[in-house]
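As a plain string of letters, each chain reads:
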Amino acid sequence: MYGNDFAAPGGELLDQVADAERELRAAADRSVRGGSDEETYFTELVAADQKIEPRDWMPDGYRKTLIRQIAQHAHSEIIGMQPEANWLTRAPTLKRKAILLAKVQDEAGHGLYLYAAAETLGVSRDTLYDLLLAGRQKYSSIFNYPTLSWADVGAIGWLVDGAAIVNQVPLCRCSYGPYARAMIRICKEESFHQRQGYEILYTLAHGTPGQKEMAQDAVDRWWYPSLAMFGPPDTDSTHSAQSMAWKIKRFSNDDLRQRFVDMCAQQATVLGLTIPDPDLRWNPDRGAYDYTAPDYAELMEVIRGNGPCNRARMANRRAAHEDGAWVREAAAAYAAKHAAPAAPTAEAVHA
Amino acid sequence: MPEWPLWEVFVRPRRGLSHTHVGSLHAPDAALALRNARDLFTRRQEGVSIWVVPAAAITASSPDEKDSFFDPAADKVYRHPTFYEVPDGVQHL
Numbered sequence: 027m028y029g030n031d032f033a034a035p036g037g038e039l040l041d042q043v044a045d046a047e048r049e050l051r052a053a054a055d056r057s058v059r060g061g062s063d064e065e066t067y068f069t070e071l072v073a074a075d076q077k078i079e080p081r082d083w084m085p086d087g088y089r090k091t092l093i094r095q096i097a098q099h100a101h102s103e104i105i106g107m108q109p110e111a112n113w114l115t116r117a118p119t120l121k122r123k124a125i126l127l128a129k130v131q132d133e134a135g136h137g138l139y140l141y142a143a144a145e146t147l148g149v150s151r152d153t154l155y156d157l158l159l160a161g162r163q164k165y166s167s168i169f170n171y172p173t174l175s176w177a178d179v180g181a182i183g184w185l186v187d188g189a190a191i192v193n194q195v196p197l198c199r200c201s202y203g204p205y206a207r208a209m210i211r212i213c214k215e216e217s218f219h220q221r222q223g224y225e226i227l228y229t230l231a232h233g234t235p236g237q238k239e240m241a242q243d244a245v246d247r248w249w250y251p252s253l254a255m256f257g258p259p260d261t262d263s264t265h266s267a268q269s270m271a272w273k274i275k276r277f278s279n280d281d282l283r284q285r286f287v288d289m290c291a292q293q294a295t296v297l298g299l300t301i302p303d304p305d306l307r308w309n310p311d312r313g314a315y316d317y318t319a320p321d322y323a324e325l326m327e328v329i330r331g332n333g334p335c336n337r338a339r340m341a342n343r344r345a346a347h348e349d350g351a352w353v354r355e356a357a358a359a360y361a362a363k364h365a366a367p368a369a370p371t372a373e374a375v376h377a
Numbered sequence: 009m010p011e012w013p014l015w016e017v018f019v020r021p022r023r024g025l026s027h028t029h030v031g032s033l034h035a036p037d038a039a040l041a042l043r044n045a046r047d048l049f050t051r052r053q054e055g056v057s058i059w060v061v062p063a064a065a066i067t068a069s070s071p072d073e074k075d076s077f078f079d080p081a082a083d084k085v086y087r088h089p090t091f092y093e094v095p096d097g098v099q100h101l
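Chains as they are written, first to last, in the numbering used here: chain D, 27 to 377; chain E, 9 to 101.
Honestly, the hints are just simulated from the structure, not real lab data.
Source: prediction; values computed, not measured.
Careful: at least some of the hints might be erroneous.
Label pairs and their in silico Cβ distance ranges [claimed, not checked]:
{"no.": "1", "chain 1": "D", "residue 1": "A359", "chain 2": "E", "residue 2": "R46", "range": "43 to 49 Å"}
{"no.": "2", "chain 1": "E", "residue 1": "A82", "chain 2": "D", "residue 2": "D316", "range": "55 to 61 Å"}
{"no.": "3", "chain 1": "E", "residue 1": "R46", "chain 2": "D", "residue 2": "F218", "range": "16 to 22 Å"}
{"no.": "4", "chain 1": "E", "residue 1": "D47", "chain 2": "D", "residue 2": "A362", "range": "19 to 25 Å"}
{"no.": "5", "chain 1": "D", "residue 1": "E327", "chain 2": "E", "residue 2": "D47", "range": "33 to 39 Å"}
{"no.": "6", "chain 1": "D", "residue 1": "A362", "chain 2": "E", "residue 2": "F91", "range": "53 to 59 Å"}
In silico BS3-like pairs for lysine-lysine, Cα to Cα no more than 30 Å straight-line [what the hints assert, rightly or not]:
{"no.": "7", "chain 1": "D", "residue 1": "K238", "chain 2": "D", "residue 2": "K77"}
{"no.": "8", "chain 1": "D", "residue 1": "K273", "chain 2": "E", "residue 2": "K74"}
{"no.": "9", "chain 1": "D", "residue 1": "K121", "chain 2": "D", "residue 2": "K214"}
{"no.": "10", "chain 1": "E", "residue 1": "K74", "chain 2": "D", "residue 2": "K77"}
{"no.": "11", "chain 1": "D", "residue 1": "K164", "chain 2": "D", "residue 2": "K273"}
{"no.": "12", "chain 1": "D", "residue 1": "K77", "chain 2": "E", "residue 2": "K84"}
{"no.": "13", "chain 1": "D", "residue 1": "K164", "chain 2": "D", "residue 2": "K77"}
{"no.": "14", "chain 1": "D", "residue 1": "K90", "chain 2": "E", "residue 2": "K84"}
{"no.": "15", "chain 1": "D", "residue 1": "K121", "chain 2": "D", "residue 2": "K238"}
{"no.": "16", "chain 1": "E", "residue 1": "K74", "chain 2": "E", "residue 2": "K84"}
{"no.": "17", "chain 1": "D", "residue 1": "K214", "chain 2": "D", "residue 2": "K123"}
{"no.": "18", "chain 1": "D", "residue 1": "K214", "chain 2": "D", "residue 2": "K90"}
We put the beta carbon where it would ideally sit given N, CA and C, even for glycine.
Please put together the full structure from these sequences, using the hints given.
So this is what it looks like as structure tokens:
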């Protein structure tokens with residue numbers, strides 16, 4: 027119904043990522059005339075689905091848009107470690123704990139891939155980090171909601187990571203090379219996150235009545251904030267049209283949100299849990315589910331800093347940064363002390 | 009405190025393949041760059057060998073010279089085997 031570009035649920039996700047990777051190679055083989063001036067050449071490259079690379083000429087707006095989007099994405103990965111980290115020490119079994127640790131470690135890694143991609147655009151990671159800590163750059167508003175029970179870890183995996191995947195798979199085809207490559211890596215690793223969340227919810231939903239109630243309560247609380255992750259409706263989205271023209275973004279907010287709803291509706295029935303939307307129903311005319319839109323006024327309020335956990339998340343991040351200063355200083359001092367003055371020899375290179 | 013230097017990371021995915029650029033990271037020295045690269049890029053056994061190179065040590069060709077720099081190769085089609093006519097009947101050529 028949307029063409030072939032979307033990640034379908036489950037195993038097809040990796041196929042979509044592999045397709046993006048193949049297309050990246052195929053596009054590079056198509057010849058581009060090499061326009062008369064740099065702006066024409068940029069436009070031709072984008073039109074031919076070839077990638078823009080760090081040292082290519084690019085419009086200022088393209089560079090700024092990418093820095094803003096990649097930085098926000100990187101910040102989201104780093105702040106996004108907190109809601110789940112809340113349950114690391116209280117995971118119900120050692121197996122669940124090891125899995126959750128691996129997932130949180132992946133998120134740190136995804137943040138680092140993304141900061142590195144942003145740095146290729148000429149901004150330093152420290153600068154971006156300072157902007158986050160000063161509250162001048164945002165992270166995804168979803169991470170300002172609390173994780174009240176273990177089932178929330180499941181709901182985050184299923185719904186929050188599920189929504190993130192629907193958003194991110196098209197970014198594997200982004201016109202900016204370093205971002206597209208980072209997203210391919212991230213999506214490949216991300217595929218386990220959604221399944222581990224689904225498995226947690228499935229286990230709870232098929233456990234005791236109390237466990238099932240806990241799972242349902244988590245889905246009730248995370249459903250609408252997850253829908254809001256796709257951003258404001260298309261009619262109010264300020265950045266979309268230009269980003270689509272530059273092929274930074276491939277699908278509109280509402281298209282992606284619809285895709286997510288359609289995926290979840292089927293997956294919820296297998297879980298045996300109810301999506302908290304009395305108006306959710308299949309519409310054969312549209313070939314899609316009708317659903318209730320999230321409360322966009324609430325989204326704006328959370329973005330403005332007034333969600334349940336905004337202040338706690340930032341306070342934790344600042345404390346972690348300040349408390350880690352001595353480690354950074356010690357490592358730098360050690361490196362300075364042991365800096366080798368000798369030039370490398372030929373043998374040393376071919377290790 | 010000044011930012012830690014940037015390192016470019018190259019991973020050999022399997023024996024028999026070349027090291028390939030996978031990304032970059034910050035680290036105070038080569039030893040930590042190598043350890044960070046291990047944790048960042050090979051959490052799922054993606055490699056059997058890692059190189060880390062200070063980004064500042066890399067000299068790159070400029071995209072501004074994309075025509076003049078690579079053009080000398082464009083008019084030497086005789087470097088490709090397809091340039092040559094093969095007479096009918098010849099085998100193993």
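Right, here's what the structure says about each hint:
{"no.": "1", "hint": "D/A359 to E/R46: 43 to 49 Å", "verdict": "violated, 23 Å"}
{"no.": "2", "hint": "E/A82 to D/D316: 55 to 61 Å", "verdict": "holds, 57 Å"}
{"no.": "3", "hint": "E/R46 to D/F218: 16 to 22 Å", "verdict": "holds, 20 Å"}
{"no.": "4", "hint": "E/D47 to D/A362: 19 to 25 Å", "verdict": "holds, 23 Å"}
{"no.": "5", "hint": "D/E327 to E/D47: 33 to 39 Å", "verdict": "holds, 38 Å"}
{"no.": "6", "hint": "D/A362 to E/F91: 53 to 59 Å", "verdict": "holds, 56 Å"}
{"no.": "7", "hint": "D/K238 to D/K77", "verdict": "violated, 47 Å"}
{"no.": "8", "hint": "D/K273 to E/K74", "verdict": "holds, 23 Å"}
{"no.": "9", "hint": "D/K121 to D/K214", "verdict": "holds, 22 Å"}
{"no.": "10", "hint": "E/K74 to D/K77", "verdict": "holds, 15 Å"}
{"no.": "11", "hint": "D/K164 to D/K273", "verdict": "holds, 22 Å"}
{"no.": "12", "hint": "D/K77 to E/K84", "verdict": "holds, 27 Å"}
{"no.": "13", "hint": "D/K164 to D/K77", "verdict": "holds, 27 Å"}
{"no.": "14", "hint": "D/K90 to E/K84", "verdict": "violated, 41 Å"}
{"no.": "15", "hint": "D/K121 to D/K238", "verdict": "holds, 21 Å"}
{"no.": "16", "hint": "E/K74 to E/K84", "verdict": "holds, 17 Å"}
{"no.": "17", "hint": "D/K214 to D/K123", "verdict": "holds, 22 Å"}
{"no.": "18", "hint": "D/K214 to D/K90", "verdict": "holds, 27 Å"}
Hint check: violations occur at hints 1, 7, 14; the rest are consistent with the structure.
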